[in-house]
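Engineer: Using the sequences provided together with the hints, build the complete structure.
The number in the numbering used here is simply the position in the sequence shown, starting from 1, with 183 added.
Honestly, the hints are just simulated from the structure, not real lab data. In this text, all values refer to a predicted model and were calculated from it rather than measured experimentally. Incorrect hints may appear among the rest.
To be verified - List time: in silico EDC-like cross-link candidates among lysine to aspartate or glutamate, alpha-carbon distance up to 16 Å:
#: 1; residue 1: Lys482; residue 2: Glu466
#: 2; residue 1: Lys461; residue 2: Glu508
#: 3; residue 1: Lys482; residue 2: Asp500
#: 4; residue 1: Lys326; residue 2: Asp315
#: 5; residue 1: Lys379; residue 2: Asp369
#: 6; residue 1: Lys379; residue 2: Glu310
#: 7; residue 1: Lys482; residue 2: Asp369
#: 8; residue 1: Lys326; residue 2: Glu339
#: 9; residue 1: Lys461; residue 2: Asp500
#: 10; residue 1: Lys461; residue 2: Glu474
#: 11; residue 1: Lys482; residue 2: Asp467
#: 12; residue 1: Lys379; residue 2: Asp416
#: 13; residue 1: Lys482; residue 2: Glu508
#: 14; residue 1: Lys461; residue 2: Asp402
As the list claims (entries may be wrong) - What follows is a set of in silico ranges between Cβ atoms, one per label pair, in the way DEER data are often shown:
#: 15; residue 1: Pro609; residue 2: Ser215; range: 27 to 37 Å
#: 16; residue 1: Pro249; residue 2: Leu673; range: 50 to 60 Å
#: 17; residue 1: Val497; residue 2: Tyr230; range: 15 to 25 Å
#: 18; residue 1: Ser215; residue 2: Gly665; range: 43 to 53 Å
#: 19; residue 1: Glu644; residue 2: Gln311; range: 37 to 47 Å
#: 20; residue 1: Leu673; residue 2: Ala606; range: 14 to 24 Å
Just so it is clear, CB atoms sit at the ideal spot from N, CA and C, and this is done for glycine as well.
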Amino acid sequence: LLADAVPPLLDPLPPLTERFMRHYQVVPVGWSDQGLQVLSANPGTLYPFQAIAYACEVPVRLSIGPRNEVETLIERYYGQGRSAMGTLIENLDEEGGSLEDIEHLKDLASEAPVIRLVNLILQRAVEQRASDIHIEPFESQLKVRYRIDGVLHEAEAPPSSSSAAVISRVKIMARLDIAERRLPQDGRIMLRIQGKELDLRVSTVPTSFGESVVMRLLDRQTINFDFPSLGFDGERLDEFLDVLERPHGILLVTGPTGSGKTTTLYTALSRLNTAERKIITVEDPVEYQLEGINQIQVKPAIGLDFAGALRSIVRQDPDVIMIGEMRDLETCRIAIQSSLTGHLVLSTLHTNSAAASITRLLDMGVESYLIASTVNGILAQRLVRRLDPATREAFDAPPELIAEHGLERFTDERPIRLYRPRADAPGGGYRGRSAITELLVMNEELRSLLMRHADASTLEEAARRGGLRTLHEEGLRQAVAGVTSLEEVLRVTRGEGT
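Structural biologist: Rendered as structure tokens:
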């Protein structure tokens with residue numbers, strides 16, 4: 184038997200405990216040049232081997248053995264010993280709030296295995312180009328998911344019993360109050376992973392089984408503030424730049440959360456950022472530091488909100504003002520006043536289309552004549568996943584799809600071809616994202632309709648007569664061009680006008 188053939192103790196002894204070993208039916212049996220040899224009676228579960236490899240910082244070589252052999256070795260090597268890895272899988276009292284509980288939680292979160300585990304979660308997020316990390320405690324599992332190219336993907340995660348330690352570790356890194364588990368908290372982590380300087384925005388909210396944590400990864404090195412790289416090109420880009428480079432007025436970028444509005448605004452600011460212009464932004468939060476631009480972080484807790492900051496910066500002699508979001512009537516009115524006094528104002532709204540932004544401003548109480556005289560243009564946008572050129576495949580579009588979507592409008596080639604990921608494509612066949620946009624440029628017909636309080640559909644019809652291409656149409660153009668798939672366009676623009 185293997186139990187009779189090995190020495191009574193390993194040197195050095197791995198930082199693992201009897202509880203961990205018995206729970207997963209694994210036991211280390213020897214060190215070698217190739218790493219740590221581990222005997223398992225339950226090789227179907229991958230997590231313990233990953234945990235051991237990460238805790239010991241060496242590769243793990245797996246052998247399979249009977250349960251009684253594993254139990255014998257556990258008893259011989261570890262007895263009743265305990266360590267941080269074993270502690271991690273114990274059930275932690277998530278509801279306890281005493282000083283003793285909190286201090287114990289701090290100790291757990293500072294143990295090397297927990298630190299390594301959280302670092303591994305972050306490292307894998309970077310490797311997979313994730314924009315967000317979701318750590319969600321449930322009754323029987325701690326779920327870890329990565330948002331990659333706008334879509335959530337589930338990752339292998341540690342047991343639910345490690346929830347408290349993992350979440351506490353993240354809160355300590357973000358300088359949050361780990362004793363406060365009843366209220367939402369927001370924080371920030373600055374760290375370096377794989378040579379990249381990362382800025383993580385951390386949000387926690389209480390749920391039924393503990394605190395849910397979401398981390399937004401901001402990597403300045405991976406953001407290319409260049410319009411063509413974002414998906415803007417040709418005639419659409421020329422029209423947008425014509426609106427952007429006007430000396431005064433308002434340019435709005437609209438879309439739901441995660442549609443790339445901030446990146447588009449930052450790219451616009453980068454283009455406007457010359458020695459002849461003073462640019463000031465008011466943001467919540469400041470996502471990227473832009474050299475040569477004065478960026479203000481709003482702090483409602485001390486009374487510094489969007490409106491208050493705007494009232495101050497108009498006395499700073501700016502040429503360009505960027506407002507993170509038009510949140511209320513007061514902010515809108517200050518922005519409009521600034522544009523009327525010779526400033527270019529850039530901002531965002533959460534609406535589904537360009538025309539809907541006008542009705543949103545009217546609903547907020549902004550007078551129609553002020554909108555007509557100050558708004559130069561409104562850009563609505565979404566992000567679609569790009570097909571990986573190395574793994575995409577072309578196919579002839581079926582006649583019913585051509586007829587349903589009017590695909591003949593977007594190419595002179597026959598037969599009309601569309602593209603999709605190959606069935607064996609890694610990562611689903613997509614890599615990166617591209618913006619699809621619709622640009623409403625204010626003209627005399629739109630101003631006249633606006634003064635008569637026309638609804639969004641009437642405004643959009645007039646804008647289309649003036650050359651507006653809807654989000655759906657722009658998505659179809661990119662699908663025919665092979666940038667993305669028709670399925671992806673329909674996923675993102677479902678419910679939008681055709």
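Engineer: Now tell me if each hint is right for this structure.
Structural biologist: We went through each hint and held it up to the structure:
1. At roughly 10 Å between alpha-carbon atoms, Lys482 and Glu466 fall within 16 Å of each other, so this suggested pair holds.
2. Among the hinted pairs, Lys461 with Glu508 is inconsistent with the structure: their alpha-carbon atoms are about 20 Å apart, more than 16 Å.
3. Of the pairs offered as hints, the one joining Lys482 and Asp500 is violated, with about 22 Å between alpha carbons and a cut-off of 16 Å exceeded.
4. For the given pair, Lys326 sits about 14 Å from Asp315 by alpha-carbon distance, which is consistent with the 16 Å threshold.
5. Annotation: proposed proximity of Lys379 to Asp369 is violated, straight-line Cα distance about 23 Å (limit 16 Å).
6. Under the criterion of a C-alpha separation no larger than 16 Å, the hint pairing Lys379 with Glu310 is consistent with the structure, at around 11 Å.
7. Restraint check: the Cα-Cα separation between Lys482 and Asp369 comes to about 12 Å, which is no more than 16 Å; the hinted pair holds.
8. Only pairs whose Cα atoms come within 16 Å are accepted, and Lys326 paired with Glu339 is accepted, the gap being roughly 8 Å.
9. Our distance criterion of 16 Å between C-alpha atoms is met by Lys461 and Asp500, whose separation comes to about 8 Å.
10. Only pairs whose Cα atoms come within 16 Å are accepted, and Lys461 paired with Glu474 is accepted, the gap being roughly 12 Å.
11. About 8 Å separates the Cα atoms of Lys482 and Asp467, which keeps this hinted pair within 16 Å; it holds.
12. For the hint linking Lys379 to Asp416, the alpha-carbon distance of about 29 Å lies beyond 16 Å, and the restraint is violated.
13. For the hint linking Lys482 to Glu508, the alpha-carbon distance of about 14 Å falls within 16 Å, and the restraint holds.
14. At most 16 Å may separate the alpha-carbon atoms for a hinted pair to count; Lys461 and Asp402 exceed this at roughly 25 Å.
15. Between Pro609 and Ser215, the C-beta spacing of about 32 Å keeps the proposed range 27 to 37 Å intact.
16. Separation of Pro249 from Leu673 is about 54 Å and conforms to the stated range, judged on CB atoms against 50 to 60 Å.
17. At about 56 Å, the beta-carbon gap between Val497 and Tyr230 misses the expected band of 15 to 25 Å.
18. Evaluation of the 43 to 53 Å hint for Ser215 and Gly665 yields a pass: the beta carbon distance comes to about 50 Å.
19. As the Cβ distance of Glu644 to Gln311 is approximately 43 Å, the hint placing it in 37 to 47 Å holds.
20. Range check, Leu673 to Ala606: Cβ separation about 19 Å, and the 14 to 24 Å hint holds.
Hint compliance for this structure: hints 2, 3, 5, 12, 14, 17 are broken, all remaining hints hold.
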